[in-house]
Amino acid sequence: MLVVDQISKHLPTFSLSEVTFKVSQADYFMLLGPSGSGKSLLLQIISGLVKPDSGRLLFNGYDITYAPAGKRDLGILFQDLALFPHLSVYDNIAYPLRLRKYSSFAIKQWVFDLAEQFSLSNLLDQDVTSLSGGEKQRVALARTLASKPSILLLDEPLSAVDAQLHLDIMAMLRSINRYGTTIIHVTHNFEEAISLASKVGVMHHGQLVQVGEPVEVFQNPRSEFVAKFTGAKNFFRVKGVHTNPDGLNYAEMPLGETVAFYANPVYSNGFVCFPEESVVLSTQAENQSAINVFSGRVIDIFAQRFGFEVVVDCGFKVFALVTKESLEKLNISPGIKLFAAVKANAVRFIPEI
Amino acid sequence: MIKQGVNNFSTFHLVLTLLAAFILLFIVAPLLGMIINTPFKTIIATATDSQVLKSIWLSIWVAMATSLLFAIPAIPLAYILARCNFPLKNLINGIIDLPVVIPHSVVGIALLGFIAGDGLLGKTFDAFGIKLLGTPFAIALAMAFVSLPFLINSARDGFLQVPERLEQAALTLGASPFQVFFTISLPLAWRSIVTGLVMMFARGMSEFGAVVIIAYHPMVASVMIYDRFTAFGLKYAQPAALLFLLVSLVVFISLRFFSQKR
Numbered sequence: 041m042l043v044v045d046q047i048s049k050h051l052p053t054f055s056l057s058e059v060t061f062k063v064s065q066a067d068y069f070m071l072l073g074p075s076g077s078g079k080s081l082l083l084q085i086i087s088g089l090v091k092p093d094s095g096r097l098l099f100n101g102y103d104i105t106y107a108p109a110g111k112r113d114l115g116i117l118f119q120d121l122a123l124f125p126h127l128s129v130y131d132n133i134a135y136p137l138r139l140r141k142y143s144s145f146a147i148k149q150w151v152f153d154l155a156e157q158f159s160l161s162n163l164l165d166q167d168v169t170s171l172s173g174g175e176k177q178r179v180a181l182a183r184t185l186a187s188k189p190s191i192l193l194l195d196e197p198l199s200a201v202d203a204q205l206h207l208d209i210m211a212m213l214r215s216i217n218r219y220g221t222t223i224i225h226v227t228h229n230f231e232e233a234i235s236l237a238s239k240v241g242v243m244h245h246g247q248l249v250q251v252g253e254p255v256e257v258f259q260n261p262r263s264e265f266v267a268k269f270t271g272a273k274n275f276f277r278v279k280g281v282h283t284n285p286d287g288l289n290y291a292e293m294p295l296g297e298t299v300a301f302y303a304n305p306v307y308s309n310g311f312v313c314f315p316e317e318s319v320v321l322s323t324q325a326e327n328q329s330a331i332n333v334f335s336g337r338v339i340d341i342f343a344q345r346f347g348f349e350v351v352v353d354c355g356f357k358v359f360a361l362v363t364k365e366s367l368e369k370l371n372i373s374p375g376i377k378l379f380a381a382v383k384a385n386a387v388r389f390i391p392e393i
Numbered sequence: 005m006i007k008q009g010v011n012n013f014s015t016f017h018l019v020l021t022l023l024a025a026f027i028l029l030f031i032v033a034p035l036l037g038m039i040i041n042t043p044f045k046t047i048i049a050t051a052t053d054s055q056v057l058k059s060i061w062l063s064i065w066v067a068m069a070t071s072l073l074f075a076i077p078a079i080p081l082a083y084i085l086a087r088c089n090f091p092l093k094n095l096i097n098g099i100i101d102l103p104v105v106i107p108h109s110v111v112g113i114a115l116l117g118f119i120a121g122d123g124l125l126g127k128t129f130d131a132f133g134i135k136l137l138g139t140p141f142a143i144a145l146a147m148a149f150v151s152l153p154f155l156i157n158s159a160r161d162g163f164l165q166v167p168e169r170l171e172q173a174a175l176t177l178g179a180s181p182f183q184v185f186f187t188i189s190l191p192l193a194w195r196s197i198v199t200g201l202v203m204m205f206a207r208g209m210s211e212f213g214a215v216v217i218i219a220y221h222p223m224v225a226s227v228m229i230y231d232r233f234t235a236f237g238l239k240y241a242q243p244a245a246l247l248f249l250l251v252s253l254v255v256f257i258s259l260r261f262f263s264q265k266r
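Taken in order, these protein sequences are the chains called A and B.
Residues in the first sequence are numbered from 41 upward in steps of one, following our numbering.
Residues in the second sequence are numbered from 5 upward in steps of one, following our numbering.
So here's chain A without its partners, still in its complex pose (with noise of 0.2 Å):
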């Protein structure tokens, strides 16, 4: 378990405050925020290249505050991937079991047992900087996890990276996470977050403002930023995708309900999300294939800088930002039945890798 207490770093124009968390064993912990929330620095001070000015880093029960980067039984994966342009892929990969001294023997064998599992057996001998963007990764997670780190640290890996090849990595990832390696996953896209992570920590200005598990950071947002920053509160676990002749996709609700939508269905599971301000309240339900309605009760309204936002209670909580007009319109209030009307072309289906 790594224990991430009270640690904070103040820069000329950038300060990371009292930033508190833990990541258990086999945890996929994604930090998510804004670009210039501190998060970068924060997995830097982790990895051991920044010192902070106080807090401490505990490590299975060690303090690892000061211990030297290459000493922490981490490994962490650079936005840059940083490959050493000097050397082959091969040399790459056996750069970290180089470093340990083990015999030239258990190296060949450990980075030609890697380049298997990674596909890049067939370029061992080639010079780094000739590969492709997908091959580049693939050698930088190899070298990473060459030394078998306890925990991987990943900047941004998948920023840089085209959309088929975002699945290829996020399906990576996720075995490397299955297999037992604890991850802490840094990312400003929080559909990653939603389809990777086991605990979502969010960053704001240097802070850490919120952890937890991802349906509940999305949907009890503790602040607004946290609530605009995700913005999905409305925000579904669903299962069984399937497409029917009419073109839309359909998969089950948490209660059963199914809901329709538009999206490549190559995963049967994932979690679709809709925008609050898409969400149409209505005294009357609309019949039409391509329009989701959800029947249920008002438990809260909410007034909100652009007009209210109405909790429905349809046996799973949904979102609704309405205008002053409609509220009145409507004459809604808490306890009255209305129907929340979503367009499939509204709600995002986000497989869950």
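For the record, the hints were derived by calculation from the structure and aren't laboratory data.
Just so we're clear, the structure is a prediction, and the values are computed from it rather than from any experiment.
All residues carry an ideal CB built from backbone N, CA and C; glycine is no exception.
Where chain A lies over chain B, by a calculated footprint (3+ residues, C-beta under 8 Å):
(1) 163-170
(2) 175-185
To list a few chain A residues with every Cβ distance to chain B over 12 Å, as calculated:
(3) P74
(4) D208
(5) V299
(6) V338
Use these hints to put chain B onto chain A, whose structure you have.
For chain B alone, coordinates are given in the frame of chain A:
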């Protein structure tokens, strides 16, 4: 309109080419003149003159040994200048460039005071019964003083071009700072370091002003040429000068060639 533009362009090019040709001619003409004016027979005769050969060889090996020996502390200094920020860093960068701007006779006088019997280094060596004056070691000091900026500046630029991220990656993979330096920084800056070494070697080998003051004997090639000129005149100095020029060119070009090839 376009035609006029093109015309302007070619006039501009013509002026550029003429000026460039003038500079090139200025460098090449005296050297070429020396080659043309020296009969082949005389060159052969000079090439078998043991005094000439000895002094050229002395220039080469002392310059080479100086470059390699001084590289050991100079490369780490270049690394520090590339990687660390500290107060007075600009001052240190300025100090490193100082030998380029100081007249070389001044360098010679300063070094002479330093290594003569009553100088700091001279006294220290004297205590062990070692005389520095008039030795290849004294020549090496003079060569190093004037040529070190070439190595340090080139190596520093080389280290600056190595992304710090690569060094950080090596650290996280388990390398010690020493291992990072020897497996990442040094190999990646190698080309610039070798270029710097070649320049340092070439500059050291061609040094005259500081060397002539600090060690007239044993004679390095540049001093030997000067000696022949003052004692016997131009005609006698020319073949030796030409031979030294040819040897320098061959050594310099081959070093450049091998360092580029790597």
